[in-house]
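Number of protein chains: 2
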Amino acid sequence: MNYPNKKKTFAKNEIDYSNRGMNLESDINNSNKYYLENDIAIIYKKPTPVKVVKVDYNKRINTKITEAYYEIPSTTDYNGIYKGKYIDFEAKETKCKTSFSLNNIHKHQIKHLIDVERHGGISFLIIRFVNLNETFLLQTRFLKQFLDTSNRKSIPYEYIKSNGFIIEEGYYPRLNYIKNLDSLYFEVIK
Amino acid sequence: MNYPNKKKTFAKNEIDYSNRGMNLESDINNSNKYYLENDIAIIYKKPTPVKVVKVDYNKRINTKITEAYYEIPSTTDYNGIYKGKYIDFEAKETKCKTSFSLNNIHKHQIKHLIDVERHGGISFLIIRFVNLNETFLLQTRFLKQFLDTSNRKSIPYEYIKSNGFIIEEGYYPRLNYIKNLDSLYFEVIK
Numbered sequence: 036m037n038y039p040n041k042k043k044t045f046a047k048n049e050i051d052y053s054n055r056g057m058n059l060e061s062d063i064n065n066s067n068k069y070y071l072e073n074d075i076a077i078i079y080k081k082p083t084p085v086k087v088v089k090v091d092y093n094k095r096i097n098t099k100i101t102e103a104y105y106e107i108p109s110t111t112d113y114n115g116i117y118k119g120k121y122i123d124f125e126a127k128e129t130k131c132k133t134s135f136s137l138n139n140i141h142k143h144q145i146k147h148l149i150d151v152e153r154h155g156g157i158s159f160l161i162i163r164f165v166n167l168n169e170t171f172l173l174q175t176r177f178l179k180q181f182l183d184t185s186n187r188k189s190i191p192y193e194y195i196k197s198n199g200f201i202i203e204e205g206y207y208p209r210l211n212y213i214k215n216l217d218s219l220y221f222e223v224i225k
Numbered sequence: 036m037n038y039p040n041k042k043k044t045f046a047k048n049e050i051d052y053s054n055r056g057m058n059l060e061s062d063i064n065n066s067n068k069y070y071l072e073n074d075i076a077i078i079y080k081k082p083t084p085v086k087v088v089k090v091d092y093n094k095r096i097n098t099k100i101t102e103a104y105y106e107i108p109s110t111t112d113y114n115g116i117y118k119g120k121y122i123d124f125e126a127k128e129t130k131c132k133t134s135f136s137l138n139n140i141h142k143h144q145i146k147h148l149i150d151v152e153r154h155g156g157i158s159f160l161i162i163r164f165v166n167l168n169e170t171f172l173l174q175t176r177f178l179k180q181f182l183d184t185s186n187r188k189s190i191p192y193e194y195i196k197s198n199g200f201i202i203e204e205g206y207y208p209r210l211n212y213i214k215n216l217d218s219l220y221f222e223v224i225k
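Line by line, the protein sequences give chains A and B.
Under this note's numbering, the residues of the first sequence are numbered 36 to 225, in order.
Under this note's numbering, the residues of the second sequence are numbered 36 to 225, in order.
One or more of the hints may lead you astray.
Copies of the same chain are indistinguishable here, so a pair counts whether it falls within one copy or spans any two.
No more than 27 Å apart at the CA atoms, straight line, and that leaves these computed lysine-lysine pairs for DSS-like [what the hints assert, rightly or not]:
no.	residue 1	residue 2
1	214	99
2	132	89
3	118	188
4	99	127
5	196	99
6	179	99
7	99	118
8	179	89
9	89	99
10	89	214
11	118	89
12	99	132
13	86	179
14	118	132
15	188	86
16	86	132
17	130	80
18	89	127
19	142	89
20	142	99
21	118	86
22	68	179
Keep in mind the hints are simulated off the structure, nothing from the lab.
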């Protein structure tokens, strides 16, 4: 979820030379915009669910919400359609270099990904190892395989590297995960 | 969108004998819950998008949003998967008995429905005529056909009746729209 961050203060002469200031969510939104504009795929991030408690109806133009709280999402953050197929995924980044903690994903989100695959959709995780500059696509089948065979509370980097696929990074789209889907699901059999 | 309603006050002895107090959104959520629990389809309503302006981080347990505004959704309210197919729709009710005003749907939502159909998904409108006790499923192709051939700003009831399909109402699921999809898209050809 994209909670608004507390203001970050930078030293005056600190210059951000890289694109690393862009987080994973921005990168995926950028890619989805590219896919949409080029009529390749229709994939959106779902809005963060908010429980509204109080509203001020006196504002004539636009109802002002004066008390609300973030809620836990029912499903994953992203879904849509590509080449007629239902696409569903969750994206997470980790600062850890050796593993991806399963605390990053809610149990019902994992169940949702598995359900989607069972219903004939394409579901996966996008996992970014921030400090390794690597972003992987891990299909739900491998997430499930890990959960079925291990009691560990985090997926080792090596498991993700062996079973997942590196997502190509660029300018636009910043994360070309559709290219991975092409080779995994839509490759023409010769 | 499900804006919180102003409190309704009822006369003390007023009893609501019917289910009519339940609105279309509740009926669809009820049906989606049924489909999910019975492992028939995975379809969710997207959260209403909210632009958060101010938050109070002093609350230890749960971040309190103190200023926010409703935003126009980018897409339709409902999407998901059924029998491997991508499903996408918008649901609206009208009190008018003779037509459905196109002011009820944003232009970009209509574009979205048409795009989804073009990409191989199943997209449609669910339109309830509250005062006729009738709820229709109108496929995007017929919405598009109307827009392509008419300059009217509302779709006549007769057009919806001729080209749409009545959705069966019951207790659980309250609106069995999957039954319509079955006969429209998944009927076994004998």
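Identical-chain pair category, residue 196 with residue 99, by Cα at 27 Å: neither (47 Å within a copy, 39 Å between copies)
If the cut is 27 Å between Cα atoms, do residue 179 and residue 89 qualify within a copy, between copies, both or neither? neither (41 Å within a copy, 39 Å between copies)
Can you give me the call for residue 142 and residue 89, within, between, both or neither, at a CA distance of at most 27 Å? So residue 142 and residue 89 fail the 27 Å test inside a copy (30 Å) and across (30 Å) alike.
Check residue 86 against residue 132 for me: Cα-Cα at most 27 Å, and say if that holds within a copy, between copies, both or neither. Neither: 35 Å inside a chain and 34 Å across chains, both beyond 27 Å.
Taking 27 Å as the upper bound on the Cα-Cα distance, should residue 99 and residue 127 be classified as within, between, both, or neither? between (31 Å within a copy, 24 Å between copies)
Have a look at residue 89 and residue 214 and pick one of within, between, both or neither, based on CA distance no larger than 27 Å. neither (45 Å within a copy, 39 Å between copies)
From the Cα coordinates, with 27 Å as the cut-off, is the pair residue 188 and residue 86 best called within, between, both, or neither? neither (30 Å within a copy, 34 Å between copies)
Measure nothing new, just compare the shortest in-copy and cross-copy C-alpha distances for residue 86 and residue 179 to 27 Å and report within, between, both or neither. neither (31 Å within a copy, 35 Å between copies)
Indicate which option fits the pair residue 118, residue 132 if close means a Cα-Cα distance not exceeding 27 Å: within, between, both or neither. Close neither inside one copy (35 Å) nor across copies (39 Å); limit 27 Å.
State whether the alpha carbon distance between residue 214 and residue 99 is at most 27 Å within one copy, between copies, both, or neither. Neither: 42 Å inside a chain and 40 Å across chains, both beyond 27 Å.
Checking an output row: residue 179 and residue 99, CA cutoff 27 Å. Within, between, both or neither? For residue 179 and residue 99, neither the intra-copy (43 Å) nor the inter-copy (35 Å) Cα distance is at most 27 Å.
From the Cα coordinates, with 27 Å as the cut-off, is the pair residue 99 and residue 132 best called within, between, both, or neither? Neither: 43 Å inside a copy, 33 Å across copies.
When the structure is compared with the earlier hints, violations turn up for hints 1, 2, 3, 5, 6, 7, 8, 10, 11, 12, 13, 14, 15, 16, 19 and 21 and for no others.
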